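Taking the UniProt record's numbering, the leading residue of the sequence shown gets 1, the next gets one more, and so forth.
Since the hints were made in silico from the structure, they are not lab data. Model, not experiment: these values are computed from the prediction.
Restraint-style ranges between C-beta atoms, simulated for each label pair:
id, residue 1, residue 2, range
1, Asp152, Ala23, 33 to 41 Å
2, Thr61, Leu147, 20 to 28 Å
3, Leu95, Pro168, 44 to 52 Å
4, Ala26, Thr141, 21 to 29 Å
We put the beta carbon where it would ideally sit given N, CA and C, even for glycine.
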Amino acid sequence: MALGQNTKLYETPNHPYQGERIAEEAGLLGRYGLKNKEELWRSQSQLRDYRREARSLLGRTMGDVEAAGEEAGEFLQSLKRKGILDEQDGLDAVLSLDITDVLERRLQTVAYRKGMGSTPKQARQFIVHGHVTVGDHRVTTPSYTVLVEEEDSIEFDETSPLADDLHPARAEGQE
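Hey, can you work out the whole structure from these sequences and the hints?
So, in structure tokens, the structure goes:
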């Protein structure tokens, strides 16, 4: 029997009942069409990891500049490839990232921004039901992080009924 993954991919808030945090989370859930707070917390943990890595690299650049500079370059390049950072940004920009920067790169959000659904939740449904392809591959994970070079190749699957421009679900979003 195969071993499972025993670690959580997210950290829950330290205090369960903080009205301001709960209201902010509810707003983000609605704006990005997230299914539950676990998805939000997973993105927050991802952002926390990016910031932790940037702090570590900034601290190491004081010592061995060459090795740390190479690692920092690779780290920044991966964030630029994901579209989280702009081309001219450096390590300091990673520390000023916000949760919206990570949530904007989800396939669900990118598909909604491209007009593939009239709401983020409808875009999510189209993805989960297998109507959306990224390049040549059908992706059914709404939390898939879209790379910059993949952004233009997001479209409805050619075998999907939604590929027809006259489909009723597509006509709603175009009005």
